[in-house]
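Protein chains in written order, with numbering that gives the first Met the number 0: chain A, 0 to 225; chain B, 0 to 250.
Treat the hints as calculated values from the structure; they're not laboratory data. A virtual CB, placed ideally from N, CA and C, is assigned to each residue, including glycine. Where hints are given, some of them may not hold.
[Unchecked claim] If you want the footprint, here are the derived chain B segments under chain A, 3+ residues with CB under 8 Å:
hint	stretch
1	30-40
2	125-137
[Unchecked claim] Estimated spans, in silico, between C-beta atoms of each pair:
hint	chain 1	residue 1	chain 2	residue 2	range
3	A	Lys139	B	Ile87	37 to 43 Å
4	B	Gly187	A	Arg188	26 to 32 Å
5	A	Ala140	B	Pro86	39 to 45 Å
6	B	Pro233	A	Ala44	47 to 53 Å
7	A	Thr74	B	Ser181	37 to 43 Å
8	A	Tyr89	B	Ile37	31 to 37 Å
9	A	Leu14	B	Asp36	38 to 44 Å
10	B	Asp36	A	Pro7	47 to 53 Å
11	A	Lys139	B	Asn160	49 to 55 Å
[What the hints assert, rightly or not] Derived DSSO-like pairs: lysine-lysine, alpha-carbon spacing no greater than 30 Å straight-line:
hint	chain 1	residue 1	chain 2	residue 2
12	A	Lys136	A	Lys39
13	A	Lys40	A	Lys139
14	A	Lys40	B	Lys131
15	B	Lys125	A	Lys40
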Amino acid sequence: MSLTSLDPRISRLGLPDSPLLPPDKPELDQFETYEVFHQKKEGTAYAYVGPVHAPSLEVAFLFGKEQYSRRFACTGLWVTPTSAVQVTAYGDDAGSVYDTLSGGQNEPTEAPLSESAEEQAAYAAGEEDYDIFHLKKRGKAHMHVGKVHASSHAMALQQAKAVFGDQRPVVNVWVIRSADILRSDEEDRDIWSTTPEKKYRDALAYKVQDKIERFKAENPENAPQA
Amino acid sequence: MNTDALKDLLYRLADDQLILGHRNSEWNGLGPILEEDIAFSSMAQDKLGHSLQLYTLLHQLGEAEPDTVAFTRNAPQFHCAQLVELPIGEYDFSLIRHFLYDHAEILRFEALSHSSYEPLAQVARKLKGELKYHTLHANTWIKQLGSSTEEAIERLQNSLNYTLPYALGLFEKTAAEDDVISEGIFVGEDEIRARWQENITKLLSQTALNLPDLTTLTPVYGGRFGEHTEYLQPLLDEMAEVFRVDPTAEW
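Turn these sequences into a full structure, and let the hints guide you.
In structure tokens:
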């Protein structure tokens, strides 16, 4: 049985009806991937900026800094193994993906984020912090919206629904156990301040058009023939 | 203020940064993995930027333009330690040099950020954040590789043994030493060396690497007085190649 298509050119190729299974690929010899979040300005939410691959979380932090803060303003960096990111299904562009989650209707409606007794009781009950990230629009970056206390990723998602579920739109949610995130140190804030004279690093600093025009004017014999 | 002593100090600092920055840039495109290639090249660029800031201070004190100072001197007129001019070798050597050098450099710039010469203190305060990151980069790799495979540990240990006498040469004193200390411009080489030894000892103790007894080593001196290895002049010739063809070239 070969594939038939509305496009006769496809049918003429005599392709098999179902796609062939790809041959087994040898396992790639490469490092684990890590996801990087950056803070562009003091006081703003951390936003997802991209992945790096590295042999360890600490090295991933170095690479994240080079990849994602070298050319842009940055005041802080978070890095986590890709495997530590729990991803929900994708919702539609207008609504909230939380609405598609089952259960959790009667969860507490307040974030148990106050310090001290309440927090300690939570930790005693096997709970810990989880960081919640929302994607507001496909193609944009996930943004950090806050933390919740929970005893698992699934519980954290239910908590997040209770606390952040009224936000619209929410196309997708990431849940990461806070302990899985390596964060830049407050003490090391000065590593983000760089020397001001760094234009040579930017493509914009290479202004060549004037030079090309001058060269053409000085060397008419080299000008392209019309 | 003793301007000659201050200039002597600035030349040592600037030349170290320029030459190591140029050396480390030779890893561009050859780094062990893509991200590390970018990181190492980026730090090399930082170092060139630091040398520019320091040559600018020298210019304000009456020395020639930074480009002239960087590109027209020959090896005997350079004040860099011999450590920074050695060829990049294998990555284990470059990492060990990076580790030993930047641990000294961050201490210098932290001390200089309190210098009595305010323009230098300002530059040091601006640059030390970058140097702190360079040190973090070095520490991360030394910890990672220094406790990994037998081959990695052996390579790093051999490089450490080879490089230490050159690294001790960073602390060679010049005639300016007493003056920069008494005038509060800089804390001096002995102080930096003591703190440096403490810091590298602490970091290396978290690895399988052994720090030899430094008192048994003979530091490689001479660089601060213009005595250099055979490797410096070819580096200078290459670095200044374009400048010598056309000093007005811009790109």
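So, going through the hints one by one against the coordinates:
{"no.": "1", "hint": "30-40", "result": "holds (count 5)"}
{"no.": "2", "hint": "125-137", "result": "holds (count 9)"}
{"no.": "3", "hint": "A:Lys139 to B:Ile87: 37 to 43 Å", "result": "42 Å, holds"}
{"no.": "4", "hint": "B:Gly187 to A:Arg188: 26 to 32 Å", "result": "29 Å, holds"}
{"no.": "5", "hint": "A:Ala140 to B:Pro86: 39 to 45 Å", "result": "43 Å, holds"}
{"no.": "6", "hint": "B:Pro233 to A:Ala44: 47 to 53 Å", "result": "51 Å, holds"}
{"no.": "7", "hint": "A:Thr74 to B:Ser181: 37 to 43 Å", "result": "40 Å, holds"}
{"no.": "8", "hint": "A:Tyr89 to B:Ile37: 31 to 37 Å", "result": "32 Å, holds"}
{"no.": "9", "hint": "A:Leu14 to B:Asp36: 38 to 44 Å", "result": "42 Å, holds"}
{"no.": "10", "hint": "B:Asp36 to A:Pro7: 47 to 53 Å", "result": "50 Å, holds"}
{"no.": "11", "hint": "A:Lys139 to B:Asn160: 49 to 55 Å", "result": "52 Å, holds"}
{"no.": "12", "hint": "A:Lys136 to A:Lys39", "result": "19 Å, holds"}
{"no.": "13", "hint": "A:Lys40 to A:Lys139", "result": "18 Å, holds"}
{"no.": "14", "hint": "A:Lys40 to B:Lys131", "result": "20 Å, holds"}
{"no.": "15", "hint": "B:Lys125 to A:Lys40", "result": "19 Å, holds"}
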